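Here the protein sequences line up with chains A and B, keeping their order.
Once you know that position 261 of the first sequence is 281 in the working numbering, the rest is easy, because the numbers rise by one and skip nothing.
Once you know that position 73 of the second sequence is 214 in the working numbering, the rest is easy, because the numbers rise by one and skip nothing.
I should point out that these hints are in silico values taken from the structure, not numbers from a laboratory.
All of these numbers come straight from a predicted model, not from anything done at the bench.
Careful: at least some of the hints might be erroneous.
Stated by the list, open to error - Examples of chain A residues lying across from chain B (beta carbon under 7 Å, computed):
id, residue
1, 119
2, 120
3, 225
4, 229
5, 261
6, 262
7, 493
Stated by the list, open to error - Pairwise CB distance ranges, derived in the manner of DEER restraints:
id, chain 1, residue 1, chain 2, residue 2, range
8, B, 257, A, 135, 31 to 41 Å
9, A, 544, B, 283, 52 to 62 Å
10, A, 47, B, 299, 49 to 59 Å
11, B, 202, A, 233, 22 to 32 Å
Backbone N, C-alpha and C define an ideal beta-carbon position, used for all residues, glycine too.
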Amino acid sequence: MVRLTIDGKEVEVPEGTNVIEAARRLGIEVPYYCYHPGLSIAGQCRLCMVELGNNPRPQIACNTQVTEGMVVRTDTSKVLETRQSIMEFHLINHPLDCPVCDQAGECWLQIYYMKHGLYEPRMVDEKVHKPKAVPLGPHVILDAERCILCSRCVRFCDEITGTGELGIFQRGDHSEIGLFPGKELANPYSANVIDICPVGALTDRDFRFAVRVWYLDTARSICPGCSRGCNIEVHYNLRRPHHNQGRRVARLKPRYHAEVNRWWICDAGRYGYKFVDDPSRLVSPSRGRGDAAVEIGWDEIIPVIAGQLRRYRPEEMGVLASPKMANEDLFLLKRLVDHLGLAHVDFSVPPRHPGDEDNLLIRADKNPNTCGAELVGLGPREGVGHGGARGILRAAREGRIKCLWVFHHDLLASAWPEEEIREALRTLECLIFQGSNANRVSAAAHYVLPSATWVEREGTFTNFEGRVQRFWRAVEPLGASLADWEILGRIGAALGLGPQPVRAEECFKALAAAVPAFAGLSYGELRDTGKVVSA
Amino acid sequence: MKLRQRFYLVEVLVGLGVTAAHFFANLGRHTARHVFRSKTARGAVTFQYPEERRPYSPRLRSLHRLVRREDGSPRCVACMMCETVCPAHCIYIVAAEHPNPEIEKVPERFDIDLGKCVFCGYCVEACPEDAIRMDTGILEFSSYSRQGMIYTKEMLLALEPAGPAGTPRSLIPIPADRTLER
Ligand code: SF4
Ligand code: SF4
Ligand code: SF4
Ligand code: SF4
Chain A
21 MVRLTIDGKE VEVPEGTNVI EAARRLGIEV PYYCYHPGLS IAGQCRLCMV ELGNNPRPQI
81 ACNTQVTEGM VVRTDTSKVL ETRQSIMEFH LINHPLDCPV CDQAGECWLQ IYYMKHGLYE
141 PRMVDEKVHK PKAVPLGPHV ILDAERCILC SRCVRFCDEI TGTGELGIFQ RGDHSEIGLF
201 PGKELANPYS ANVIDICPVG ALTDRDFRFA VRVWYLDTAR SICPGCSRGC NIEVHYNLRR
261 PHHNQGRRVA RLKPRYHAEV NRWWICDAGR YGYKFVDDPS RLVSPSRGRG DAAVEIGWDE
321 IIPVIAGQLR RYRPEEMGVL ASPKMANEDL FLLKRLVDHL GLAHVDFSVP PRHPGDEDNL
381 LIRADKNPNT CGAELVGLGP REGVGHGGAR GILRAAREGR IKCLWVFHHD LLASAWPEEE
441 IREALRTLEC LIFQGSNANR VSAAAHYVLP SATWVEREGT FTNFEGRVQR FWRAVEPLGA
501 SLADWEILGR IGAALGLGPQ PVRAEECFKA LAAAVPAFAG LSYGELRDTG KVVSA
Chain B
142 MKLRQRFYLV EVLVGLGVTA AHFFANLGRH TARHVFRSKT ARGAVTFQYP EERRPYSPRL
202 RSLHRLVRRE DGSPRCVACM MCETVCPAHC IYIVAAEHPN PEIEKVPERF DIDLGKCVFC
262 GYCVEACPED AIRMDTGILE FSSYSRQGMI YTKEMLLALE PAGPAGTPRS LIPIPADRTL
322 ER
């Protein structure tokens, strides 16, 4: 550990820390553009100047490691004057674009100009013009005039993804960011450059002009796109419903987690939320197949479902749970399955095309909670020998299983032959589908129970390393849809399993008490960073 | 309150006295002018609105209009500053891509719900492009339905600024879906 003094306050930090991070410990903000804790140091923007000891010239804080007894000042008139001059340099060729710029409202150029701006511009020459609105790839669009050449995006593509699509071309004030010839910014993490670009030079094509950022609200969440469980923020707009074609969730942004995803998320996860406000959402419970389907209320359908579950003998019933369900849902389902004595239970359905994987974040298992489903015990049970989900479908085809309850899966998009599944679905006497969006299984179902999506409820997912992480509710469930645990709680109550839980937290408490792996965990204990399950 | 003011009737009579004094003073002036051909006496007269109008102040906030570029397209860049500042939340803008990347953004939809507008003029104040103004001089818009109070981009773009003395130079736009049923 090293002790140093910043603005008269003492702080102790590990060796190798730079002055920006040491100041952050004290709550002292040293402004910067090019520095990023996840990338190498470039010393490009010169904004983080501080005074060191008796050194007559201010130094950059990002590239200065702390030393014992160092004396740093960030608030002298010399430092403030330097910041103002650097800001003036950055803005020499910057267009007056804020009203049309998508970054406005979350732009570090705006923020630091308000703090350190020289409000009387001295620039009399025509600004240098550069290309505007240039798509760099499927997700990113560049406005080279707004770029301050911090080189964060270049370093990201060089150091994090190793794909090196971007570079700085030309010289002097004609320098501009661009793609190397023949390249496209299409790596699976490309949209992270939008997050790290401190200004509006790189913006999101998907989010472009959709909602102004100051209309957005934020909820903490977990990406449901794969078993990594990246920490994210859900940005949603309820203030101006006429924007973004009425879609409530406007974008997902990464949320820092030191051990899971650091500052990044993959593009598949970032844009994987579109099903939330999709017209295919199921918004009302219904009974009857295809055209004969009629929408009914929850109070009507719950007793009907409970009646169907009582009607069949346990060996005539099958349950296909989903690894997209939260731990809370899976636990209530497990309780129900045990209560009814069902043996034909599984959750894993292989996708038609195996998922891609890399050694940064993306996992081949595209489900957020496979680990949770295993721990809760919804996998095929030892010694029953029904052969997993496929065995259950075979039994359905052969008429041995008459009632099947499918959660979320689009079985027709699985690796198994379509005809086999179609026949199984046709043969069933009673097919119950529970899920958020319509698919070919819901179309064939006798009963449809609409579930809320993960942003419309709270809960926890267990990622592939067994880390239990919470997600919070951002928006209200669409239509009459309910969280899976709520539906299962109601059905459980109708079957005499005691009162239904009123909050997800109650389900998690019961889960922690019943399943040894979750013992000792609680919502309070999980906090923002989650906890790894025991054993 | 003074003791006298507490007696309702006394104050009513005093008020009546003021009105009567004005009435008789005006009656006297009109008589002097019209009967005795006085050149100086001027009695109060009522403006025969709407045939006759008083000049409007140039600062008057009247019906909004959207300023046009030379080619007739809106000057507005759909920045949503007016939508954001509007205390009545009565501006509805949907942005779209402009073919010219120098302009970049253009409103695809720009509706003002005048049924909600409080005529504060903040939208004009907030606009960085001087694209919205309240200088048409039009004050007499009304409708039998709420829907009829919603003015669209096309209607707002078609309006002209008021002439000298604040006289409107464009007609009151009639929403296409304005209905007359009560
Ligand atoms: S990058 Fe920032 S300062 Fe530049 S136009 Fe966009 S919002 Fe304004
Ligand atoms: S595009 Fe953004 S991140 Fe890249 S150099 Fe320019 S300002 Fe920095
Ligand atoms: S005048 Fe005021 S209330 Fe009316 S549209 Fe403008 S900002 Fe809104
Ligand atoms: S403030 Fe002006 S430019 Fe911006 S949206 Fe409103 S009218 Fe258009």
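Taking the hints in turn, this is what the structure says about them:
At about 3 Å, the closest approach between the beta carbon of residue 119/A and any beta carbon in chain B falls short of 7 Å, and the interface hint on this residue holds. With a cut of 7 Å, the hint placing residue 120/A at the interface with chain B holds, because the nearest CB-to-CB distance is about 4 Å. Hint status for residue 225/A relative to chain B: violated, with the closest Cβ pair at about 10 Å, above 7 Å. Hint status for residue 229/A: holds, given a least beta-carbon distance of 4 Å to chain B, under 7 Å.
The criterion of a C-beta within 7 Å of any C-beta in chain B is not met by residue 261/A, whose closest approach is roughly 10 Å, and the hint is violated. Contact between residue 262/A and chain B, as hinted, is supported at the beta carbon level, the nearest pair being about 5 Å apart and thus within 7 Å. Annotation: interface hint on residue 493/A violated; nearest CB of chain B at approximately 25 Å, more than 7 Å. A hinted range of 31 to 41 Å for the beta carbons of residue 257/B and residue 135/A is consistent with their spacing of about 37 Å.
At about 58 Å, the beta-carbon gap between residue 544/A and residue 283/B stays in the expected band of 52 to 62 Å. Checked against the given bound of 49 to 59 Å, the beta carbons of residue 47/A and residue 299/B, roughly 55 Å apart, stay inside it. Between residue 202/B and residue 233/A, the C-beta spacing of about 30 Å keeps the proposed range 22 to 32 Å intact.
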